[in-house]
Amino acid sequence: MPPVVVARDLVKKFEDLTAVDHISFDIEQGEIFGFLGPNGAGKSTVIRMIQCVSPVTSGRLEVLGMDVRERPREIKARLGVAPQDNNLDPDFNVIQNLTSYARYFGMPKDRAVRRANELLEFMQLEEKRTVMIEKLSGGMKRRLIVARALINDPDIIILDEPTTGLDPQARHLIWERVRQLKREGRTIILTTHYMDEAEQLCDRLVIMEQGKFLMEGTPRQMIADVVGDCVMEVIDADDEAERYLRTQGQQVERSADRLYVYSGECRTINQEFRRLYPEVYSVIRTATLEDVFLRLTGRRLRER
Amino acid sequence: MNLGRGAVAVWRRNADVFFKTWKTNFLPSIFEPLLYLVAMGLGFGGLVVGLTYAGQPIDYIRFLAPGLISISAMYGGFFECSYGSFVRMHYQKTFDAIVATPVSLEDVIVGEIMWGASKSLINSTIVLAVIALMGWLLFPAIQFTSLTLLLVPPITFLAGLLFSALAMIFTALVPNIDSFNYPFFLLITPMFLFGGTFFPISQLGAAEPFAYILPLTHTSLLIRDMSLGMSSPLDLLALVYVLVMTAATSYLAVRLMKKRLTR
Ligand SMILES: Nc1ncnc2c1ncn2[C@@H]1O[C@H](COP(=O)(O)OP(=O)(O)O)[C@@H](O)[C@H]1O
Ligand SMILES: [Mg+2]
Chain C
-19 MPPVVVARDL VKKFEDLTAV DHISFDIEQG EIFGFLGPNG AGKSTVIRMI
31 QCVSPVTSGR LEVLGMDVRE RPREIKARLG VAPQDNNLDP DFNVIQNLTS
81 YARYFGMPKD RAVRRANELL EFMQLEEKRT VMIEKLSGGM KRRLIVARAL
131 INDPDIIILD EPTTGLDPQA RHLIWERVRQ LKREGRTIIL TTHYMDEAEQ
181 LCDRLVIMEQ GKFLMEGTPR QMIADVVGDC VMEVIDADDE AERYLRTQGQ
231 QVERSADRLY VYSGECRTIN QEFRRLYPEV YSVIRTATLE DVFLRLTGRR
281 LRER
Chain W
173 MNLGRGAVAV WRRNADVFFK TWKTNFLPSI FEPLLYLVAM GLGFGGLVVG
223 LTYAGQPIDY IRFLAPGLIS ISAMYGGFFE CSYGSFVRMH YQKTFDAIVA
273 TPVSLEDVIV GEIMWGASKS LINSTIVLAV IALMGWLLFP AIQFTSLTLL
323 LVPPITFLAG LLFSALAMIF TALVPNIDSF NYPFFLLITP MFLFGGTFFP
373 ISQLGAAEPF AYILPLTHTS LLIRDMSLGM SSPLDLLALV YVLVMTAATS
423 YLAVRLMKKR LTR
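Residue numbers (the numbering used here), protein chains in the order written: chain C, -19 to 284; chain W, 173 to 435.
Among these hints, one or two may not hold up.
[As the list claims (entries may be wrong)] Taking lysine-lysine and the DSSO-like style, the derived pairs with C-alpha atoms no more than 27 Å apart in a straight line are: (1) W/K265 / C/K108; (2) C/K89 / W/K430; (3) C/K115 / C/K89.
These are calculated hints, taken from the structure and not from any lab test.
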């Protein structure tokens, strides 16, 4: 099957700022594809070009085999988008938000009501059916935004930071639903600045910064390629301990009070280190995408 | 232009919201014309003697009543597509949500302007009903019996398109919601006063030609003549003016809105 999104040398400029800088990627049918990166990396800008609301500055961008510049209406009819910023309609209650949105897709009233009720159940919002938007918690609004993105039974679902600011429970419900949607065979495009979210959900992802891709691949393969399978984490190392670690000839990164030692040999290094500096706390843990980002940029994605 | 059925869905959205709260929406539009009729028509009109319109003597209240219909047509659309549209666009992000569907930005703007015109039609039809009731109960001078009265609602809709599109131009330009004070102060209030509403523009003397620049002068002329069952060659000219201005302002409104919202 051909990719559902094809981008080649895609560029987006805002006056003199290049928000998206010559990127190329393919998104395959049925996968969860992630854009991971810090605030301002250009994730939303890419999303907005894919959903045909932001004009492409240059390069090629095709969605479902159609050029975004030529057939925006047809493309938009088959996308479901949960934007980063809440734009639910405050003049309507929960169910009306879905049914009025269905009308923009030209859906007949009875089908819209049926679909809206299904989706409220799917996102566990049945009890809020007639509640006005301002009365909803942040998590409920987010769930309703996702429900709204599904109203037209889309082939591609775009979720721009679907769990930012949510409590763990609300996050897990959304993650669960995203997996369920994938099982239904839909393609999901996701942006996030949460490493764990990207690692948990994405089949493939790109790490993005300042409009460019730093890396792409599956989470596991990225971790294996860049970090290896384990990391040694050292807290509050004094200068001498740090100097020692750096002489071990391995990649060492510092972030605030922590040192990260990346090496295939990190277990052996740790044993030796424990013997030499028993007073400094150190631990071995499995590598994550956070480590990938740190190794690639020398910085953490987000301070904890 | 990239225009389709989506405009109707946008219109329906606004209509749904309006009719959800129709009670609070209708009451002011019933009482305001009533107050004007009594205060200006009865109170002030009693002082007016020897008024003529199109060469014929006319009771002041009979002159005034169609003016009130025209004013409500102007305010209905202009309010809706200035403050109303700005709130939807800027604060509620309703336009952003809609353009993520197959509805285009052009559809949104045209739908908003059609809804603004519908507000003009609704408001001025209420005013017309109040006038009819008052004519029947209290003021025989405002019993309008000419069949051309039936043309008044469509004309208020047409006038509504013009004032809504005009408002939409400002909505595309203002930096914030307070800035609407300027078009209201510089454009709407002068029209309210000098657009052939409370007195015939012939009273303006040497300044009379300037009144013809104002859109309200033309729409109030049409509405008055159709209400009273009169006609003059100026009516046709007024109709052409309204049609041309509506097309021009709508085009400009869409252009400027696209410029503002496309990022
Ligand atoms: N409408 C806009 N006008 C000017 N600059 C913008 C606009 N939207 C985004 N940017 C800039 O483009 C860059 C990427 O933004 P964005 O795509 O929102 O990043 P992300 O979603 O990864 O946080 C940022 O530097 C941002 O300030
Ligand atoms: Mg973003």
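Requested in this report: Against the structure, test the hints numbered earlier, and report the numbers of the ones violated in rising order.
Outcome: Of the numbered hints given earlier, the structure breaks just one, which is hint 2.
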